[in-house]
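Chains as they are written, first to last, in numbering that gives the first Met the number 0: chain Y, 0 to 153; chain B, 0 to 153; chain C, 0 to 84; chain V, 0 to 84.
Hints should not be assumed to be uniformly reliable.
Claimed, not checked - Facing chain Y, according to a computed beta carbon distance under 7 Å, are these residues of chain V, among others: (1) Ala15; (2) Gly21; (3) Tyr46; (4) Pro47; (5) Ala57; (6) Glu60; (7) Gly72; (8) Thr79; (9) Ala80; (10) Val81; (11) Ser82; (12) Gly83.
Simulated from the structure, these hints should not be mistaken for lab results.
Heads up, the beta-carbon is just placed ideally off N, CA and C, and yes, glycines get one too.
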Amino acid sequence: MAFAQTTEHSLDFAELTTGPIDITSVARRVVPPTCGATVTLDGYARGLTKDKATGEIRKTDHLVYEAYEPMAVKEMYKLIEQAKQQFEIANIGIVHRLGKLEIGETSVVISVAAPHRKPAFAACEWIIRELKRTVPIWKKEVYADGEVWVEGAE
Amino acid sequence: MAFAQTTEHSLDFAELTTGPIDITSVARRVVPPTCGATVTLDGYARGLTKDKATGEIRKTDHLVYEAYEPMAVKEMYKLIEQAKQQFEIANIGIVHRLGKLEIGETSVVISVAAPHRKPAFAACEWIIRELKRTVPIWKKEVYADGEVWVEGAE
Amino acid sequence: MGLLSVMNLKILFFGATADAAGSREIELQTGGNLTVERLARDLTREYPALSKLKLLIAVNEEYAEAESDLSDGDKIAVFTAVSGG
Amino acid sequence: MGLLSVMNLKILFFGATADAAGSREIELQTGGNLTVERLARDLTREYPALSKLKLLIAVNEEYAEAESDLSDGDKIAVFTAVSGG
Chain Y
0 MAFAQTTEHS LDFAELTTGP IDITSVARRV VPPTCGATVT LDGYARGLTK
50 DKATGEIRKT DHLVYEAYEP MAVKEMYKLI EQAKQQFEIA NIGIVHRLGK
100 LEIGETSVVI SVAAPHRKPA FAACEWIIRE LKRTVPIWKK EVYADGEVWV
150 EGAE
Chain B
0 MAFAQTTEHS LDFAELTTGP IDITSVARRV VPPTCGATVT LDGYARGLTK
50 DKATGEIRKT DHLVYEAYEP MAVKEMYKLI EQAKQQFEIA NIGIVHRLGK
100 LEIGETSVVI SVAAPHRKPA FAACEWIIRE LKRTVPIWKK EVYADGEVWV
150 EGAE
Chain C
0 MGLLSVMNLK ILFFGATADA AGSREIELQT GGNLTVERLA RDLTREYPAL
50 SKLKLLIAVN EEYAEAESDL SDGDKIAVFT AVSGG
Chain V
0 MGLLSVMNLK ILFFGATADA AGSREIELQT GGNLTVERLA RDLTREYPAL
50 SKLKLLIAVN EEYAEAESDL SDGDKIAVFT AVSGG
């Protein structure tokens, strides 16, 4: 895990790792004794990708994720702080994988623990949307006949 | 897994088990090659419970879940069918644990895979709410000095 | 059904109702023309501890309305509001 | 800053911008009074392949506005719209 970085306060965490991500362990690490549920978003390497321009479906061989690591961890912690201000939630864990990912492997896991389900769902949805908008991580799709750095929506 | 029951069609599944539930494997089993994300709700045995009548916080020693098993599986499949009619989602997996659960162990995992995140969040939230309302499963909280079958809200 | 008709019913209890009835399963022989509501009343008379519980009834693994008629061979589940999750 | 002042900047490229610049990190010595926008224009002149990309700039690990002034020792990251998740 050469690129792994961890900073921890309370039960929140935001990490980058080059190793496989286990969803269970991420979901468990945010659990305080007074909460009964976690909501977890996990993204994974898709085998089929739709070309945004042509609409054509391409078969992806594998993905490569790259990050501006110290800034990415900072930005993930900003999302944690902002989410905790906006939603009634207890703890948040975010782990994003970097490097080469085979199809089907988990690229990102966001787990939110909360006393009540509703804010946990809302916060988790908000965090993945913002992560895709603000956290400096880039995805390269590698095909049999080429590769492309995916450009984000904004 | 004496009480385990499985019926499968497409990548959907609804199961009861007396063994530990691994969140990762549930989340993975609903993944079709065209989807990039799953949303997972996991509920787990809470260590502290607020008494609904008195507001007093009690320390729970362990939980026991019991189900009317064939009807519970049927009702879970009904939720799967209804969710797939209402939301643009690909596959749903529901696993509920029965028997004795130590504090912190997972009682239920609901994973929803979808081409887009928004309906996955909405469907997962809808399913856990309906499951708590309609699926014939009951929870017994066991304390140091007694035990109580929890009665649902409706 | 005629006056002499009888119905054989299987009654299942779960959780709090099993504790109240002191049983998880009973067989019941009864006259014809029995509704879900009437059965619930009869069971509460038989097992007074059930009267403290708000009962839900399923017939043959489906939630049943109070006015539904029961049939010979029906499998009845008697339980309280569910609390899974 | 005076006319003779110089700034030493470190420029980092990622993903598509690293491919376009053919480099992941460069050191730059430049005159004072440089804005983010101006630096982006200078870099695009130096590495024409960057002109095909919509650039975002971070200064010292924070997103920067186009009008922000740069300071000696700043660490500048040049990248395209993020695509993690």
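Outcome of the hint check:
1. Checking Ala15/V against chain Y by beta carbon gives a least distance of about 4 Å; that is within 7 Å, so the hint holds.
2. Among the interface hints, the one on Gly21/V is violated; its C-beta lies about 14 Å from the nearest C-beta in chain Y, farther than the 7 Å criterion.
3. For Tyr46/V, the suggested interface contact is broken, since its CB lies about 15 Å from the closest CB of chain Y, more than 7 Å.
4. Interface hint status for Pro47/V: violated, as the beta-carbon distance to the closest one in chain Y is roughly 18 Å, over 7 Å.
5. A hinted interface residue such as Ala57/V counts as satisfied when its beta carbon comes closer than 7 Å to some beta carbon of chain Y; here the least separation is about 6 Å, so the hint holds.
6. The closest approach between the C-beta of Glu60/V and any C-beta of chain Y is roughly 4 Å, which is under the 7 Å cut-off, so the hint is satisfied.
7. Contact between Gly72/V and chain Y, as hinted, is not supported at the beta carbon level, the nearest pair being about 16 Å apart and thus beyond 7 Å.
8. With a least beta-carbon distance of about 5 Å to chain Y, the hint placing Thr79/V at the interface is held under the 7 Å criterion.
9. Checking Ala80/V against chain Y by beta carbon gives a least distance of about 4 Å; that is within 7 Å, so the hint holds.
10. A least Cβ separation of about 5 Å between Val81/V and chain Y falls short of the 7 Å threshold, and the interface hint therefore holds.
11. The beta carbon of Ser82/V comes within 4 Å of a beta carbon in chain Y, closer than 7 Å, and the hint placing it at the interface holds.
12. At its closest, the beta carbon of Gly83/V sits 3 Å from a beta carbon of chain Y; the interface hint therefore holds under the 7 Å criterion.
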